[in-house]
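Take the sequences, apply the hints, and build the full model.
Just so you know, the sequence shown maps onto residues -21 to -1, 1 to 75 in mature numbering (1 follows the signal peptide of the UniProt record, and there is no 0).
Source of the hints: derived by calculation from the structure; they are not laboratory data.
Note that CB positions come from ideal geometry on N, CA and C, so glycine has one too.
One thing to keep in mind: the hints can contain errors.
To be verified - If you anchor each label on the Cβ, the simulated ranges turn out as follows:
| no. | residue 1 | residue 2 | range |
| --- | --- | --- | --- |
| 1 | -1 | 41 | 31 to 37 angstroms |
| 2 | 63 | -20 | 26 to 32 angstroms |
| 3 | 42 | 22 | 27 to 33 angstroms |
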Amino acid sequence: MILEISLGLLLCHRVAQIVDSTDWFVLNIYFSYPSTLISMAKRNSANKSLQICRTARDMLGANGIVDEFGVIRHVLNLESVNTYEGHVTIKYFRDL
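Next up, the structure:
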C-alpha cells in the first residue's frame, strides 16, 4: 500500500512540475493540453486510493466495517464519489 501511495504522490508532483514549468515544448510532446494530463493523473490517483481503501478494509476483516478503525468511512466516501461522478470509462472516453 505504501508503494502505491508513494507512486501517486510522485505522479502528482511530476504533473505539477510539468504544468508549472515554462518549458511548454516538453508538455506539447506528450499531450496537447495540460488538462488531459491533469485528468489522467487524477483518475489514476482516485482509482489507486479506492484500491488501497478496499485492501485496508479486507486486511482488517470484520473489523474493517466497524467505525472504530475509520477505514469504512474512507471506503464509503470513495465508493460514493465513484458512483455519483460517473463511471471511470466515461471520463476516459471524454478525455480522448
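Hint by hint, here is what the structure shows:
1. At about 49 angstroms, the beta-carbon gap between residue -1 and residue 41 misses the expected band of 31 to 37 angstroms.
2. Separation of residue 63 from residue -20 is about 29 angstroms and conforms to the stated range, judged on CB atoms against 26 to 32 angstroms.
3. The given range of 27 to 33 angstroms is respected by residue 42 and residue 22, whose C-beta atoms sit roughly 30 angstroms from each other.
Violation of the numbered hints given earlier is confined to hint 1; every other hint is satisfied by the structure.
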